[in-house]
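If you're matching them up, the sequences are chains E and L in order.
Take the first sequence: its position 167, counting from 1, is numbered 166 in numbering that gives the first Met the number 0, and each next residue is one higher.
Take the second sequence: its position 265, counting from 1, is numbered 264 in numbering that gives the first Met the number 0, and each next residue is one higher.
Just so you know, the hints here were simulated from the structure itself, not pulled from any lab data.
By construction, the Cβ of each residue, glycine as well, lies at the ideal position given by its N, Cα and C atoms.
Watch out, some of these pointers could steer you wrong.
Said to hold, decoys possible - On the chain E side, residues computed to face chain L include the following (Cβ under 10 angstroms):
{"#": "1", "residue": "Asp43"}
{"#": "2", "residue": "Arg44"}
{"#": "3", "residue": "Ala46"}
{"#": "4", "residue": "Ala48"}
{"#": "5", "residue": "Gly49"}
{"#": "6", "residue": "Tyr79"}
{"#": "7", "residue": "Trp127"}
{"#": "8", "residue": "Arg128"}
{"#": "9", "residue": "Val130"}
{"#": "10", "residue": "Glu170"}
{"#": "11", "residue": "Asn172"}
{"#": "12", "residue": "Ala173"}
{"#": "13", "residue": "Phe175"}
{"#": "14", "residue": "Met179"}
{"#": "15", "residue": "Ala182"}
What the hints assert, rightly or not - Derived pair list, reagent style DSSO-like, types lysine-lysine, alpha-carbon separation capped at 27 angstroms:
{"#": "16", "chain 1": "L", "residue 1": "Lys242", "chain 2": "E", "residue 2": "Lys111"}
{"#": "17", "chain 1": "L", "residue 1": "Lys242", "chain 2": "E", "residue 2": "Lys171"}
{"#": "18", "chain 1": "L", "residue 1": "Lys226", "chain 2": "E", "residue 2": "Lys67"}
{"#": "19", "chain 1": "E", "residue 1": "Lys138", "chain 2": "E", "residue 2": "Lys52"}
{"#": "20", "chain 1": "E", "residue 1": "Lys181", "chain 2": "L", "residue 2": "Lys138"}
{"#": "21", "chain 1": "L", "residue 1": "Lys46", "chain 2": "L", "residue 2": "Lys242"}
{"#": "22", "chain 1": "L", "residue 1": "Lys135", "chain 2": "E", "residue 2": "Lys67"}
{"#": "23", "chain 1": "E", "residue 1": "Lys162", "chain 2": "L", "residue 2": "Lys177"}
{"#": "24", "chain 1": "L", "residue 1": "Lys138", "chain 2": "E", "residue 2": "Lys135"}
{"#": "25", "chain 1": "L", "residue 1": "Lys177", "chain 2": "E", "residue 2": "Lys181"}
{"#": "26", "chain 1": "E", "residue 1": "Lys135", "chain 2": "L", "residue 2": "Lys46"}
{"#": "27", "chain 1": "L", "residue 1": "Lys166", "chain 2": "E", "residue 2": "Lys171"}
{"#": "28", "chain 1": "L", "residue 1": "Lys135", "chain 2": "E", "residue 2": "Lys73"}
{"#": "29", "chain 1": "L", "residue 1": "Lys242", "chain 2": "E", "residue 2": "Lys67"}
{"#": "30", "chain 1": "E", "residue 1": "Lys171", "chain 2": "L", "residue 2": "Lys279"}
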Amino acid sequence: MKTRNLATRLVIAALLVVIPATATWATTRQDAEAAIAEAKTMRDRAAAAGVAKSEAGSMIEEAESLLKVRQYTKAKMIAYWAIRQDEFAIDALGGETPAEQNKEALANAMIKSAEAAREKAASVGGEWRDVGDMLKSAKTLAGAGDFDKAMEVASAAKFQAEKGYEQAMAEKNADFPVYMHKAVGK
Amino acid sequence: MNKTLTMLSALGVGCLLAVPLAFASTPEEDQALWQSYFEKRFPQVPKQDFANGVYAIDPVGRENWEAIEEFPPYETAISNGEEMWNTAFANGKSYSDCFPDGPAIAGKFPHWDKEKGMVMTLPLAINECRTANGEKPLKYQKGPIADLLSYIEFESRGQVINVEIPKDDPRALEAYEKGKHFYFARRGQLNFSCASCHVGNSGTTLRTEILSPAFGHTTHFPVYRSKWGEMGTLHRRFSGCNKQVRAAPFEPQGEEYRDLEYFMTYMNNGLELNGPGARK
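Take these sequences, add in the hints, and give me the full structure.
In structure tokens:
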């Protein structure tokens, strides 16, 4: 009885600590809104600096749409990536990224190649689920200046797209399997 | 000698070309094989019971399902659908004008539309009715379309599935063959076909769930699926299954899924419609 009372009290004490503590790591709406506001400020700076083309605008819209469905962590993350897009674009305009230009070209070429592979797979109904998202991720990374990672992701997307095409071609003659015929004695 | 050689060569080529035709099966043969396979695999299940999906082969699940069916979660959808059916469009016309035999019309779909040269499904026909009368088309996976389909399917309960593949239009057979190919072709990063789970592994367990037999799959849609917490259509389920094997899903009511529905429903000929349904 004494042991049970002690156990109950320990559980209650633990809950009294753990439940409020969740507030310290959970993303609040205010956190997400602050991140979006910062992304908008960066967007204005980028536009003022002459950055005409940027993924940041659509990413800010995506983050704002997530507020309605309370996906604050994801909204904050997307706002962060929007900030990185414009930060890098401003640096590039200011000539602060000369060493990266070759890598940028390589990353863009890999993304283009992966996109072509995706279209080829889709033309035979063989596109895999994640290739589209991987390409989007590669473009985001390239837009943020992370060309090594962008190439890595684009390369993986291309691999999956090629496998999807091979699979669809290998399955061209798919039909009732032999085991069905055998099961009914044919 | 030359003439003999030529004749023999022609005969050889002719035989080679005829081989695939010799092994090609007709839809009737496919259907007989399909239904025999499942009847042999699950000999304890009366034929009509296949329309109850996994609950035909899972006694514990069936007990839970029968309890749920006492107060079915799709009842509200049926009421909403009935209201939609009886509400006139802005131009004064209604669904009855497009479907004078309605609302018990589910047994007529899917069918081959010779004029349009495509498989016509019920959701597609509903949206054609709407757009012809100046209304916005409904989205195909969930929401109001599922409510309207629930009402129509409820009114159509008991109708016997009798999909035809007209012999006077080879395009209909082509659509059937495309649907059949889709069913048996492996796809996605996990390299599964529909048959991988619902034919060869039907009745076995995937994680905690028993895989339902494919025979009877199309009889009871739309369904209230507990996982969705709402109603959803057959093409929503197709899309989900494709995503689960990590294949990119196709457009709901696009050619691929309509042809697939055509094949699957033809395989179910003889079963009675029993939608809408409740599933896990």
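Hints and how they fare:
1. A cut of 10 angstroms between beta carbons decides the hint on aspartate 43 (chain E): the least distance to chain L is about 36 angstroms, and the hint is violated.
2. A cut of 10 angstroms between beta carbons decides the hint on arginine 44 (chain E): the least distance to chain L is about 38 angstroms, and the hint is violated.
3. The beta carbon of alanine 46 (chain E) comes no nearer than 35 angstroms to any beta carbon in chain L, farther than 10 angstroms, and the hint placing it at the interface is violated.
4. Because the closest C-beta pair between alanine 48 (chain E) and chain L is about 38 angstroms apart, greater than 10 angstroms, the hint is violated.
5. Among the interface hints, the one on glycine 49 (chain E) is violated; its C-beta lies about 38 angstroms from the nearest C-beta in chain L, farther than the 10 angstroms criterion.
6. Among the interface hints, the one on tyrosine 79 (chain E) is violated; its C-beta lies about 27 angstroms from the nearest C-beta in chain L, farther than the 10 angstroms criterion.
7. A cut of 10 angstroms between beta carbons decides the hint on tryptophan 127 (chain E): the least distance to chain L is about 5 angstroms, and the hint holds.
8. Restraint check, arginine 128 (chain E) versus chain L: the minimum CB separation of about 4 angstroms is within 10 angstroms; hint holds.
9. Against a cut-off of 10 angstroms between C-beta atoms, the interface hint on valine 130 (chain E) holds, since the closest Cβ of chain L lies about 7 angstroms away.
10. Checking glutamate 170 (chain E) against chain L by beta carbon gives a least distance of about 4 angstroms; that is within 10 angstroms, so the hint holds.
11. Hint on asparagine 172 (chain E) holds. Least Cβ distance to chain L is approximately 8 angstroms, under the 10 angstroms limit.
12. With a least beta-carbon distance of about 4 angstroms to chain L, the hint placing alanine 173 (chain E) at the interface is held under the 10 angstroms criterion.
13. Interface restraint check: phenylalanine 175 (chain E) against chain L, minimum CB-CB distance 6 angstroms, threshold 10 angstroms, status holds.
14. For the restraint placing methionine 179 (chain E) at the interface with chain L, the shortest Cβ-Cβ distance is roughly 5 angstroms, inside the 10 angstroms limit, so the hint holds.
15. Among the interface hints, the one on alanine 182 (chain E) holds; its C-beta lies about 5 angstroms from the nearest C-beta in chain L, closer than the 10 angstroms criterion.
16. Under the criterion of a C-alpha separation no larger than 27 angstroms, the hint pairing lysine 242 (chain L) with lysine 111 (chain E) is consistent with the structure, at around 25 angstroms.
17. Our distance criterion of 27 angstroms between C-alpha atoms is met by lysine 242 (chain L) and lysine 171 (chain E), whose separation comes to about 20 angstroms.
18. Pair hint lysine 226 (chain L) plus lysine 67 (chain E) holds up; C-alpha atoms about 22 angstroms apart against a cutoff of 27 angstroms.
19. For the suggested pair lysine 138 (chain E) and lysine 52 (chain E), the alpha carbons sit about 13 angstroms apart, so the restraint of at most 27 angstroms is met.
20. For the hint linking lysine 181 (chain E) to lysine 138 (chain L), the alpha-carbon distance of about 42 angstroms lies beyond 27 angstroms, and the restraint is violated.
21. Proximity of lysine 46 (chain L) to lysine 242 (chain L) is assessed by CA-CA distance (about 31 angstroms); at most 27 angstroms being required, the pair is judged violated.
22. The suggested pairing of lysine 135 (chain L) with lysine 67 (chain E) holds, with an alpha-carbon distance near 25 angstroms, which does not exceed 27 angstroms.
23. Distance check on the hinted pair: lysine 162 (chain E) and lysine 177 (chain L) sit about 22 angstroms apart at the alpha-carbon level, within 27 angstroms; holds.
24. Restraint check for lysine 138 (chain L) and lysine 135 (chain E): the C-alpha separation of about 26 angstroms stays at or below 27 angstroms, so the hint holds.
25. Using a Cα cut-off of 27 angstroms, the hinted pair lysine 177 (chain L) and lysine 181 (chain E) holds, with the two alpha carbons roughly 24 angstroms apart.
26. A C-alpha spacing of about 48 angstroms is found between lysine 135 (chain E) and lysine 46 (chain L), which places the hinted pair above 27 angstroms, so the restraint is violated.
27. For the hint pairing lysine 166 (chain L) with lysine 171 (chain E), the CA-to-CA distance comes to about 24 angstroms; that is within 27 angstroms, so the pair holds.
28. For the suggested pair lysine 135 (chain L) and lysine 73 (chain E), the alpha carbons sit about 33 angstroms apart, so the restraint of at most 27 angstroms is broken.
29. With a C-alpha separation of about 25 angstroms, the suggested pair lysine 242 (chain L) and lysine 67 (chain E) falls inside the 27 angstroms cut-off, and the hint holds.
30. Our distance criterion of 27 angstroms between C-alpha atoms is broken by lysine 171 (chain E) and lysine 279 (chain L), whose separation comes to about 33 angstroms.
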